[in-house]
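Number of protein chains: 2
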Amino acid sequence: MDITPPLRDMKFVLFDVLRGEQHYDSLNAEQEVGRELIDAILDEAARFASGELAPINAVGDRDGCKLIDGQVTTPAGFKEAYKLFAEGGWAGLSGETTYGGQGLPESLSVVVEDLFSQANIAWSMYPGLSRGAIEALEAHGSEEQKQTFLTKLLSGEWTGTMCLTEPHCGSDVGLLRTRAEAAADGTYRVSGTKIFISAGDHDMANNIVHLVLARLPDAPQGTRGVSLIIVPKFNLDGTRNGVSTGAIEEKMGIHGNATCVLNFDDATGYMVGEPNSGMRSMFTMMNGARLVVGLQGVALAEAAYQKSLSYARERLQMRSLSGPKQPDKPADPIIVHPDVRRMLLTQKALVEGGRALVYLGALTADRALHGADEEERALADERLDFLTPIIKGFLTEAGFESANLGVQVFGGHGFIWETGIEQHVRDARITTIYEGTTGIQGLDLLGRKVLMTQGKALLAFAQEINELANELPAELTDLAQPLLDLTAQWGEMTMSLGGKAMQNPDEVGAASVDYLMYCGYACLAFIWAKMAAEAHAQSAGQTEPDHYLAGKIATARFYFSRLLPRTAAHFAAINAGAEPLMTIEDAWFDHI
Amino acid sequence: MDITPPLRDMKFVLFDVLRGEQHYDSLNAEQEVGRELIDAILDEAARFASGELAPINAVGDRDGCKLIDGQVTTPAGFKEAYKLFAEGGWAGLSGETTYGGQGLPESLSVVVEDLFSQANIAWSMYPGLSRGAIEALEAHGSEEQKQTFLTKLLSGEWTGTMCLTEPHCGSDVGLLRTRAEAAADGTYRVSGTKIFISAGDHDMANNIVHLVLARLPDAPQGTRGVSLIIVPKFNLDGTRNGVSTGAIEEKMGIHGNATCVLNFDDATGYMVGEPNSGMRSMFTMMNGARLVVGLQGVALAEAAYQKSLSYARERLQMRSLSGPKQPDKPADPIIVHPDVRRMLLTQKALVEGGRALVYLGALTADRALHGADEEERALADERLDFLTPIIKGFLTEAGFESANLGVQVFGGHGFIWETGIEQHVRDARITTIYEGTTGIQGLDLLGRKVLMTQGKALLAFAQEINELANELPAELTDLAQPLLDLTAQWGEMTMSLGGKAMQNPDEVGAASVDYLMYCGYACLAFIWAKMAAEAHAQSAGQTEPDHYLAGKIATARFYFSRLLPRTAAHFAAINAGAEPLMTIEDAWFDHI
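From first to last, the protein sequence lines are chains A and B.
Just so you know, we're using this note's numbering here: the first sequence kicks off at 1 and counts up by one.
Just so you know, we're using this note's numbering here: the second sequence kicks off at 1 and counts up by one.
These are calculated hints, taken from the structure and not from any lab test.
Each hint should be verified, as a subset may be incorrect.
Given that identical chains are not distinguished, each listed pair holds provided it fits within a single copy or across any two copies.
[Stated by the list, open to error] With a cut-off of at most 25 Å between alpha-carbon atoms, the simulated DMTMM-like pairs for lysine to aspartate or glutamate come out as follows:
(1) LYS500 with GLU44
(2) LYS83 with ASP69
(3) LYS329 with ASP590
(4) LYS66 with GLU418
(5) LYS66 with GLU250
(6) LYS146 with GLU30
(7) LYS329 with ASP218
(8) LYS66 with GLU166
(9) LYS325 with GLU585
(10) LYS329 with ASP373
(11) LYS79 with GLU418
If you're wondering where the values come from, they're calculated on a predicted model, not measured in any experiment.
Just need the whole structure built from these sequences, with the hints factored in.
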């Protein structure tokens, strides 16, 4: 079952809701970006996604990757699709022109990635990992490194990876043991084992640029002693470098992407930036990656929504409780049943709201890098810092819920591989884990992004929500009061949490994930009100009713009445505080 | 990673909280059941579960079933384990003694099934399906059918299936097309295709007794024209009957259980009960099966909880926010982190509360069948009708959440097959679907079990909750007011829903799943208060603190403060009514 690129929704969000044209005009970017160019890029990306990537999604899941004689083979068609991708210039879309990129704003890469991930997330992760390497090298690489490595990444001839995790060290990066020793020629010798390396080896490109976190012999303990080092799979003279694939993991989903154990054995590497400054470079990669993982949640939810919607229209089962809707058929299509609609609308609200939130994050990232002046860049940077854990943490949870609702709409048929929908659940399951689990996002949000900044970005965002609430047209005032109530509660709750956290730091961890989810629902409420206002404005000028716009406004109302109230449960859990968690002794967990 | 049978918790629930000894004494059962006998059964079942079933769980998932030359082969070890099961007399545990059973109450089969399902749900479904067939034949079979088929099912020589679903007909059983025509000798000729038949074929027993829903040529349309027919895989003379396995499904989980397409082609069958009375017989099977599926949710949650708890104690990652807890180690075990505790306690609260709710349902089923007098049986029957959709619908959703939290505790390692935890998520995913989806349970609960009975069983249950609230010891009065508030809100909400449903039947469907979830959390609040009261009473007499009892009371408080508030979100969604769902036109769902 194929995906149809939801270009109407993507363009509505990008151009109408988020005012993309003015946005791109205002940037200090390398290239002018007009509406026609963006439309052309999106249309071409949509063709590539549905023509090349969607057809190899199920086969990639079934066959997975193979490790034969130390070399990973990707599923049938993956290599050929990558060749077309590189030839099409997609790898360099938002790379610097000096090094062969097209110099377009980063947000356009995100929007294109939306299309690719809907069609085939496992494939999309290969170039997706390259984006992280590209961003790190653009920000922190030397001129020589850019000429050597960045050019190849931007042309798509080579791909990249992020090598962080080790067997004993995941979230706690500071524990890492991989060693890097300076050689006489200014290079480094890297030794150690990295695990869970996505796109860690494959047969799609001539070389792989591993960006490896490692520790120098004299480095300080913890994260302050971490360096980022480039280790190519093949040396620059074409010989094999000291890095080998020890194994590929058998896993729940994303079977088409090779998750590798990489063994580094005296491999030659090149220091990025200063020694011991690796965490800063890592966060450059990581923040972009977190945005993309949030997007993956949305993209998988989109794929599941399309499948379950079309199934709900075709599957005939039982009569509507309010009387037959298609009396000439043996039963009504299940989309007439209220509970099926509840599931479809939940998916629709999370997909469309999620997409708009990711795009908002991507445009904010543009402004943080290319805003007209320093003040704008600084403000955008604060906003982006605040939004990133919400986008990553909340939208992956929402994406997993949506994929599962898709399966539920299919009933028994949803559990069967052939239908294609359960793959989305298995693929989506990793998104709440990698690039920082939901728990890590919650701590980052509440601890670093809210309490440590005295809620600066939150207050600015809440103010924007209040302004929107006060400007809503008369026909949408039913959305205004809930927004105002929400920002009031959000602010008070945060203040109270700040006070409790000063007494007891465990209060932060105890509240963190519920706080993250609360913020996610709040952000989606803002986004949905914004979308409803835009849809309302556009409808006003039209004589024929536009189904898409009517659906937007109705989905906003659905969101406010049936999903936003989930904040009440999170609010209560946050208020319960750390005590119910922390007074429990270790042995009390047992019930054997 | 192995499962340790949680006998302490099982016995606490069965004997201390639910007063199992008095319960069994009070029944009009075939056999006397004392504490010693039950302890012996549980201990032996626990040995069988951890010794025979747990070791073949992962291999069953990896290798799955094979269909070769029309015959299904089960994974290595499945056949041998089944042989031991049959030899051990487990198949006939609660069967009638006249036909070779041991005559013990049905609830003991449920408790034993808890142990088996924790260890290996895919294997447990083979004898699990037999239980459904046994119950249907005991209730509705003729003496000859009992002598022929029931005896073989109770000895374990043969197994059973339930053949309901067809390609075009799942929840809507009335649409089924499988035909049955009377033959001159009083038997029937059955033709048609059934799909999703769990345990539909295998190599573990000599014969399989299919209980097939079919339609006679002159049958009324819909569910009133459905008959239940016994179709054995092999005829009584040993020849092959006209039933063949067309395919086995490739699916998300429960790989060790064969999910079959069965083709019936002029197969010889035997009518159970009167023609066209099949739905009644089906519900006899189905209600028992729904209880067991709810139990599967709990059992998988137990397995996941044990794995994630032991991982959380071993995995060292980051320091406690309130200062190092194990300074001699490179980091603290992750169980010190509040958010990891939140995940573990959520699992613990859902597992232990869920187990107690299933056992309550099972004891209620005992009383419905073997209660001392007719009034007791009728009251128990009403209570059971009310609890069954909650147990099936809510506890499978809770089980899936718990299994997913287990994966989340493992982080990246949770996504890897080798760890064994992601299997529980894939296995659990079917439980919210088969034997009636969560949506079907919601409709059954709100429509048939609550509104159609004017809330009779609900009112009786709410009264029992209020009585418990008023009797709680002083140390637990913090649990009392929430219970009283809950029953008040529950009652008012139900009344209001009843009024709305009279105006518009879609109101029932619109509220149904949120109503089901609300009731589930309410039932668990009752169960947790009851468990806390018992734990408190037992602790009072002890000099040494008992970790298990302390954990019970603390988990009850955790449940009340952090999970029960989820009712607020469901309450708001219920109150939103049908309008946000039903005013949306079909075309409005599109966003392409």
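Results for each hint:
For the homomeric pair LYS500 and GLU44, neither the shortest alpha-carbon distance inside one copy (52 Å) nor that between copies (50 Å) is at most 25 Å. When the C-alpha separation of LYS83 and ASP69 is checked against a cutoff of 25 Å, the pair qualifies only within one copy, where the shortest distance is 24 Å, while the shortest distance between copies is 42 Å. Taking the shortest alpha-carbon separations for LYS329 and ASP590, only the inter-copy value of 23 Å comes in at or below 25 Å, while the best intra-copy value is 55 Å. Taking identical chains as interchangeable, the C-alpha atoms of LYS66 and GLU418 lie at most 25 Å apart whether they share a chain (22 Å) or sit on different chains (17 Å).
In this assembly of identical chains, the alpha carbons of LYS66 and GLU250 lie at most 25 Å apart whether taken from the same copy (10 Å) or from different copies (21 Å). For the identical chains of this complex, LYS146 and GLU30 are intra-copy neighbours only, at 17 Å inside a copy versus 83 Å across copies, given an alpha-carbon limit of 25 Å. Proximity of LYS329 and ASP218 under a CA criterion of 25 Å is satisfied inter-copy only: 21 Å between copies versus 77 Å inside one chain copy. For a Cα distance limit of 25 Å, the shortest separation of LYS66 from GLU166 inside one copy, 22 Å, qualifies, whereas the shortest one across copies, 37 Å, does not.
Taking CA atoms no more than 25 Å apart as the test, LYS325 paired with GLU585 passes between copies only; the shortest distance there is 13 Å, against 58 Å inside one copy. Taking CA atoms no more than 25 Å apart as the test, LYS329 paired with ASP373 passes in neither setting, with 63 Å inside one copy and 48 Å between copies. With identical chains, the CA atoms of LYS79 and GLU418 are at most 25 Å apart within one copy only, with a shortest distance of 24 Å there and 28 Å across copies.
Hint compliance for this structure: hints 1, 10 are broken, all remaining hints hold.
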